[in-house]
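Construct the complete structure from the given sequences, taking the supplied hints into account.
So the protein lines, in turn, are chains A and B.
Mapping of the first sequence onto my numbering: residues 1 to 344, in sequence order.
Mapping of the second sequence onto my numbering: residues 1001 to 1344, in sequence order.
The hints are simulated quantities; they were obtained by calculation from the structure and are not laboratory data.
For clarity, every value in this text was computed on a predicted model and none was experimentally measured.
Glycine residues also receive a C-beta, built at the ideal position from the N, C-alpha and C atoms.
If a hint is listed, it holds; no wrong ones were tucked in.
Derived DEER-like restraints, expressed as beta-carbon distance ranges:
id, chain 1, residue 1, chain 2, residue 2, range
1, B, Gly1314, A, Glu209, 53 to 61 Å
2, A, Pro113, B, Gly1213, 32 to 40 Å
3, B, Asp1341, A, Pro220, 46 to 54 Å
4, B, Gly1178, A, Gly303, 50 to 58 Å
5, A, Asn259, B, Pro1342, 52 to 60 Å
6, B, Val1152, A, Pro113, 33 to 41 Å
7, B, Pro1220, A, Asp24, 36 to 44 Å
8, B, Ala1188, A, Glu209, 45 to 53 Å
Below, a sample of chain A positions facing chain B; criterion: calculated Cβ distance under 7 Å:
id, residue
9, Ile250
10, Gly253
11, Val264
12, Ala271
13, Met277
14, Gly279
15, Phe280
16, Trp281
17, Asp284
Protein chains: 2
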Amino acid sequence: MNDLNRQWVLAKEAYGEGMCLPEDCFGYNEAGIPESGEGEILVRNVYFACEPAVHAMVRGVPGRIDPLPVGSVMRGSAAGVVVESNHPDYQAGELVNGSFEWADYTVMGGTDPRGNPVNKLITGYPMASAMTTLGMSGVCAYIGMFRIGKPVPGDTVVVSAAAGGIGSIAGQLAKLSGARVIGITSSAEKARRLVEEVGYDDAIDYRGEDLVGRLAELAPEGVNVFFDNAGGPILDAVLVNLANWGRIAICGGASSYQNPDVGVKSHMLLAQRNGLMRGFWLFDNADIIPEALARIGRWHKAGLIKDVLDIAEGFEAVPRAARGIFDGANMGKQLVRISDDPTA
Amino acid sequence: MNDLNRQWVLAKEAYGEGMCLPEDCFGYNEAGIPESGEGEILVRNVYFACEPAVHAMVRGVPGRIDPLPVGSVMRGSAAGVVVESNHPDYQAGELVNGSFEWADYTVMGGTDPRGNPVNKLITGYPMASAMTTLGMSGVCAYIGMFRIGKPVPGDTVVVSAAAGGIGSIAGQLAKLSGARVIGITSSAEKARRLVEEVGYDDAIDYRGEDLVGRLAELAPEGVNVFFDNAGGPILDAVLVNLANWGRIAICGGASSYQNPDVGVKSHMLLAQRNGLMRGFWLFDNADIIPEALARIGRWHKAGLIKDVLDIAEGFEAVPRAARGIFDGANMGKQLVRISDDPTA
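Shown next as structure tokens:
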């Protein structure tokens, strides 16, 4: 056990000029390893997961998430190993995840700094699978696709941020439903890999191609289901191509993270096409988690769903990786490994 | 029977500079009364109904409605009396409605110029009630409120264009459900009348008041159901105040008729609030018409729902009335009476 506790702290206001999470808003700090008191656990972090929610953590979400004060140790989705436990519900050696500090070590009671219970990773899977496909990314994909989108065989399903952590699973779930699945992503290279490696039927590079026109070509009878992580002009392009009675699951809105004035201009097409647009907040849909994880686990073990992971190495890589997902730098869920993975 | 057939024709392109339906885009014309041939009926028009759909008739709706060529006799929702019938399904003296020409007389087969069957007005009601509350306005209000919004007792329901033809019925339907109902309208005078005459619990003049703030005051626990005829900043203001699990029925988008670049900026709140936004196209929901008309008829006869009508007089008033609804000039459904009403 190293006796250093490296940390990334929120060094300054992260917002200005519509820019989202500049890398230089995080400052490096070194501290001693904290000690776990009565009722607490000491966790060695293994993986940080880079998620758009980091942005919400910094800026806050009115009524949902308070912004983190400047000077705080940053937080985000992470998974680690319990090193010491003075809490009756946890044992040394157990694998846990939650919203942990961006540090080598974190001391917590039974809840993470965000106030949610420290979750035990599902067992029997590699840690990186358990915290992504078998974790909240998988559950979000499941809710959006099966509670809202509800594809049936023959449907055309479109997924935006299709190579992202949630999108890459959502696309695979749609394929299992017997739908034809089109991904929207931010480079020709990722579009190619979505088809060759992830199993999308087609993929569109929205930066290099005419999105409205390509969707019309690839979905001549319209889009039946859209799983949206993007918002803005990408959502508009799908609305224009929405089939009658189409369903849109709103999971994220990456374009509005960058620029909160980005709007949706074509929502009136919902009326002409009897369209449904529905959002979901994970923690209000917790009732579905056992069902989702049981099914995804079965499909994962059967090789019907695979992890799509982009793993950076080393504690120093965290700020760049966290920023990178807003630029579409990742192919699959972006993780950063900062210490030895006991399941690898 | 007058031997003149007055007509309003589409005199020029109605669009430019984002302006919607300038009055001067209609030209007055006089023709002879047309004769009904084999299989045709001659209808004397009594009421024209001014509806946002007139706008769609002029501009077209991609894939739904072809735009009317310049020089055509204008069309719109109307009701009249069958004067002569050479069609086995219609008899002289019957009251009919549909999308008829803006003229004293129209000759039609069994379908109106838009291709829909010439509908017989429901009997036992004044003609103006039968073509509005007991007609498609009532059905639209019913679909949006009961197929999408589904208010339950204790809910807070908001209706935009609350004094309009559909909104004024939607608000009354929500009251019957036991909800608290707030109207959004375009003047303090109409806001007052919505509460005093139509039965809204509260009403907000969005031009004179701070809409976001007033909604927060009047709906401190959030808006459960929103019946939207407006789109744009009004929809955004309600999204900001949407309750968790709120439902939004998209019926119309008056703000985008005026300016197609008006967008919705807050759609991501659907994700944070598990919100549903759903549109509907009347003719794809025709299965619900018998149920809707049976119920609305019962409520109407029992005095639980009343007509809210704004009736202009005379053929020359048509263009101004048609334009006026986009300016919020009307209190209730805007009709123009152009000849004697046999039920008055």
